[in-house]
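*Asks:* Line by line, the protein sequences give chains A and B.
Numbers 128 to 408, taken from my numbering, label the letters of the first sequence in order.
Numbers 4 to 101, taken from my numbering, label the letters of the second sequence in order.
Please note that a few of the clues may not be correct.
Keeping only pairs whose Cα atoms sit at most 27 Å apart, straight-line, the calculated BS3-like set for lysine-lysine is [unchecked claim]: (1) B/Lys10 - B/Lys90; (2) B/Lys49 - A/Lys140; (3) A/Lys338 - B/Lys83; (4) A/Lys370 - B/Lys34; (5) B/Lys49 - B/Lys90; (6) A/Lys358 - B/Lys37; (7) A/Lys338 - B/Lys90; (8) A/Lys309 - B/Lys83; (9) B/Lys10 - A/Lys140; (10) A/Lys358 - B/Lys34; (11) A/Lys370 - A/Lys358; (12) A/Lys361 - A/Lys338; (13) B/Lys90 - A/Lys169; (14) A/Lys309 - B/Lys90; (15) B/Lys34 - A/Lys169; (16) A/Lys309 - B/Lys49; (17) A/Lys140 - B/Lys37; (18) A/Lys399 - A/Lys370.
Hints were generated in silico from the structure; no laboratory data involved.
Okay, here's what each chain looks like letter by letter:
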Amino acid sequence: MAVDYLYYLRADKLPHMWCPGCGVGVVVKSMIGAIDQLGWEKNDTAVVSGIGCTSRAPGYMDMNTLHTTHGRALTFATGVKMAAPDKHVIVISGDGDATAIGGNHFIHACRRNIDMTLIIVNNNIYGMTGGQFSPTTPYGAKAATTPHGNIDPSFDLAQLAIGAGATYVARGSVDNARMVQKYIRDGLAHHGFSVIEVLSNCHTQYGRRNKMSDPITMVDWIASQVVPRNKAEKMSPEELQGKIITGELHRNAERPEYTDEYRKLIERVQAKQAARAGARP
Amino acid sequence: MSDIIRKQSQGRDIVIIIDRDLCKGCDICVKVCKTGALELEDASDKWEGAVVAIKDVEQCNFCRLCEIQCPDFAIRVLRKEEEASVKLPVETKKTAAE
């Protein structure tokens, strides 16, 4: 059945502020598709974001939404989840917001394994603030603050999330929105901290400085880099040079979830205190 | 207020709906369409750019790639019976205004 996108959107706010052809719209659409597939109620779902192009997404979503400070989306979301553990919490964030400004919050949210989903739209640059290089800008790429090429090695966000302890990690790219929707759906359904990195295009800030100033060229460039995981397993390290592996990269259902642990702690302490009160004469 | 184009296939159960107010003319849908059912047209009545138009609805093979890849929620490819369950921007805007 066709997804009724506008049911989940604040239609009076459309058209949205993203540039023509921006991948964020595709990710928002995939996210709505995933929520629709899971049949989640709008009132039971909270979407939290920080600052940036991607973080404007909750403004267009007709749900419980929270637009917070730069990089702190995960901390606000942790608060929401702790206060209402039975609700679904989704964080949508850009690469700069999630891993530079909010890098510390990112690794610690992964470490806690709290039942939330983080969708990182990785467009290799700070789009909204004027095209400064971000931790995911590729080596050698030009940005507003690296006019002669970037000399910083870039982060592998998925590996970082796995290393920090996230229990579901997947990577998709905007040229294949169907797979992005699948990964987001699996991430939302996963009980624990899930990270979905989506490789996206910022032809306005990144592409313009790197000879890809229109969305088609830039999406094609992303599509030329990505290799699905099952195909990558059959490729040699030389062939994988400069490629980015997409797919479901990590899943671990063993680790305890944070709100469950917290509930157990409350029960344990309350039982202990009740026993102590009962023992008193 | 809202500018909707709706075209239905003669023989087959396919409806394409385009909201010209939401389209920004990024050309993605036209490029992903393998059968050439869509094209960009000049939209000087709206702005200096272009807006997507339906070239030939009979070419559509219902892959829905244009709908899925459209970042602007501007294009819908539907079965006829699905139309009732999907809100169009024009209706939603009207309800919001009330």
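*Asks:* All the hints need checking, so say for each whether the structure fits it.
*Replies:* Outcome of the hint check:
no.: 1; hint: B/Lys10 - B/Lys90; verdict: holds (16 Å)
no.: 2; hint: B/Lys49 - A/Lys140; verdict: holds (18 Å)
no.: 3; hint: A/Lys338 - B/Lys83; verdict: violated (43 Å)
no.: 4; hint: A/Lys370 - B/Lys34; verdict: holds (24 Å)
no.: 5; hint: B/Lys49 - B/Lys90; verdict: holds (23 Å)
no.: 6; hint: A/Lys358 - B/Lys37; verdict: holds (24 Å)
no.: 7; hint: A/Lys338 - B/Lys90; verdict: violated (39 Å)
no.: 8; hint: A/Lys309 - B/Lys83; verdict: holds (26 Å)
no.: 9; hint: B/Lys10 - A/Lys140; verdict: holds (26 Å)
no.: 10; hint: A/Lys358 - B/Lys34; verdict: holds (26 Å)
no.: 11; hint: A/Lys370 - A/Lys358; verdict: holds (12 Å)
no.: 12; hint: A/Lys361 - A/Lys338; verdict: violated (32 Å)
no.: 13; hint: B/Lys90 - A/Lys169; verdict: holds (16 Å)
no.: 14; hint: A/Lys309 - B/Lys90; verdict: holds (24 Å)
no.: 15; hint: B/Lys34 - A/Lys169; verdict: violated (34 Å)
no.: 16; hint: A/Lys309 - B/Lys49; verdict: violated (36 Å)
no.: 17; hint: A/Lys140 - B/Lys37; verdict: violated (32 Å)
no.: 18; hint: A/Lys399 - A/Lys370; verdict: violated (55 Å)
In summary, the structure is inconsistent with hints 3, 7, 12, 15, 16, 17 and 18 from the numbered list given earlier, while agreeing with the others.
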